[in-house]
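Enquirer: Line by line, the protein sequences give chains A and B.
Here the numbering used here is used: the first residue of the first sequence is 28, the next is one more, and so on.
Here the numbering used here is used: the first residue of the second sequence is 183, the next is one more, and so on.
Quick look at which bits of chain B chain A covers, simulated, 3 or more residues with Cβ under 8 Å:
#, region
1, 266–278
2, 293–301
The following residues of chain A were derived to be distant from chain B, with all beta-carbon distances above 12 Å:
#, residue
3, E66
4, S178
5, L318
6, A490
7, Q548
8, A606
9, E616
10, D650
11, S654
Which chain A residues stay away from chain B? Per the calculated CB distances, all over 12 Å, these:
#, residue
12, T273
13, V344
14, F632
To be clear, the hints were calculated from the coordinates, so they are not data collected in a lab.
Just so you know, even glycine gets a beta-carbon here, dropped at the ideal spot from N, CA and C.
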Amino acid sequence: MLHIFSSTHSGIRTTTLLCLFLLFPIHCFAGNNTDDIRESVIAQATEMGLWEKTEWLNLLHYSKDSDAYISKVNDEQFFYAMDGKENPEAELIETLKNLFSQTEDNNQQTQCRFVARVAWLSNQLDIDKKSLPIVDCHEYLQWYNEIRADSVTMIFPAYHLNSPSSMFGHTLLRLDNKEKADSKWLSYAVNFGANIDSDDNSMLYAFRGLAGGYPGLFITEPYFKKIQEYNRIEHRDIWEYELNLTPVETEKLVKHLWELKDVNFDYYFLDENCSYRLLELIEVARPGIELTDEFILTAIPVDTVRAMENAQLIEAVSYRPAQATEIQYILELLPDNQQQLVIDLSEDINVSNTDEFTQLSDLKQKKIVDLAYKYLRYQNTKTVRDPAIAKQSYKLLQKLSTYSADIDVSTTIPAPFPPEKAHKSKRVTIGLGERLNNKYADLGFKMAFHDLEDNKDGFLQGAQINVINLNIRAEENVGLRLYQLTFIDVFSITPRTEFFKPLSWRVYSGFERQLTFNKDQLTYHVTGGAGSTWEIIKNHQYYALAIGRLEINKQLKNALEPAIGFITGFLSHFNHTTARLEVSGEHFEDDVYRLRAQYTQNFAFSINHSIKLFARHEWHEDDVDFSDVNISYQYYF
Amino acid sequence: MKKIIAGLALLTASSSAMAVAPGGENCGWGNMLFKGQSGLGAHVIASITNGTSFNNTFGMTFGTNGCSTSGTLTYGGASMVSSIMGEFSEDVARGEGDAMDTVAVVYGIEKQDRDTFAKVMHENFAAIFPSEDVTAAEMMASMEAIMKSDATLTKYIA
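Take these sequences, add in the hints, and give me the full structure.
Expert: In structure tokens, the structure reads:
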């Protein structure tokens, strides 16, 4: 300590002496000199109008709202200027001022903290590096060396109905390194997500997520954690899109990412979400490319993949199946008796001593043990470690290890239809029909996303997710009026098998017309239910659910009328058409009931065009019955 | 300022978790076979939002998830291996797989020696994983002893 102090002291003295001797006082006072350089740099930047450049606006996440700029970053520590959030010019000047100022902690100096801003500014302006404070950015360098990226891959974990934020899929980036190419597990993943309060329940989450109540942050962590999370725990297939960003562009992205460390953005579930933020990062990496403009109300992850594809950023696509997909695929290749062996062996290791097992070839045996282990782990994915299960699992591994490593049991799972090639997210429909003996023309718009009978290619089979589905009808004797407006409609039918026992469920809510006591009343409802689905033969399913319903209907006795009911039906997928036959009903108090049978068939004549036939007959109390039939053209865009 | 304090608290929390060695409680994710690998609770919350909850950081090194072991690997390398212990045990039993390759890369094993590594690991499954209660530290110690006594692999154990 003493040593440092005295050497500084003598340093000052030496400088002073030198000044006196050389009689160049201006150059001796480093402070003044820096001030001059700084002022000239700022003058140059102002003259060039640097603050208006796309690169600067992108780096600070400014967007133009009518005439004013506002940054999407919601964090004081990201700005130097007091009004930095709204003033790109002031922020640029303050950044330059701070660039020349010494800080107590090197890592907080502008050169270390805002590496991408500084890199760009140094490129634009005549900044003599020697005039800047000498800093050692060890925190940044340590991180940068750990990441060591030279290419970027966009990661798309597929749809996952049982989690609200993943219903539409999710996107993240992976920073790859050619040297580490043989183990992608070690690459870093970049994820933008809401930093949530773990005390919130899902309903509150949904509300706060929509309203922007959560701060969003970037997180980087090893990719194997994402594989564990998506492939293993959530059973989601992962699509990987290798981007053609150059090493130089990748470096820009990584540098900017460092600037976003611990920086809060607002997180909006629908638009400024995970996918949107990643597009902004790509815009920083490749200035001039425009990806975010088209996403005004919603940024659905798969649409952002399409935006990348349209901008010719995607170089190669690969598919990483979920563990459950793998188990299911391999199982289907086994004959029935061997499938049973897999189940039995997963429950009891002694099955490996039975004749039925030992008479099989070593290859078959190893395959069955391998699968039994995977299946046992799959079943216990979401449970707390149980010592008995752990022992059972270990015994299977022990058995597996007795087979030669040369017996290859690996199976390549063929990639299914890629999600970005599926039908698009928004839909308009035009239809003609007749209901209650009244002819009508129907105009429909759906903001997103997929109906059970829509072309299933690229989607999760048996997963319906609709958000904002509006139908307006011009009716012969009535005129133009709202027929239905559904806010949300999620319907999950996944077949049960001997191996997998998923729950089928449905939640939907919105306005719809219901004939009640001879009046075609506009009602509001919330309906939900649960049940099961069975696959009769491949691509043909039968489902049955019990439901509960709350309805606001002026014709009914209570303000909020409860009902119980059911939904049951067949869903059949053929090559270019999907058919659905459904019987459903609900029963209110005082013997008020509705029972309906309906048939829908959708013919997809290309990915984004289809013709749909619809027929329904409905029976009510007091021998009332009527029908609704229509034909419509649907266009996805 | 509040944010900085929160950040500091977080850092302290995670470094105290690191002290709970080896294969401490917050180490790894669900789907774990071996003892001391849990941490599903945090995951459930995170999965609802694609988001993060408390034990996430910017990932300065691999060591952010609370696993700790000592050995010839760096801190980050060892915590990495212990985080994929479940997957690795499966690959060792089978004789190949992504987790096997990853562990080989972490140990700096050159391409031409990877097959030997896989073969040696597979043949010594019983020694590396003597029971379902083995810890990550014990597993790595056995692995390293086995590598040391192998003519090809010994050079990777300094």
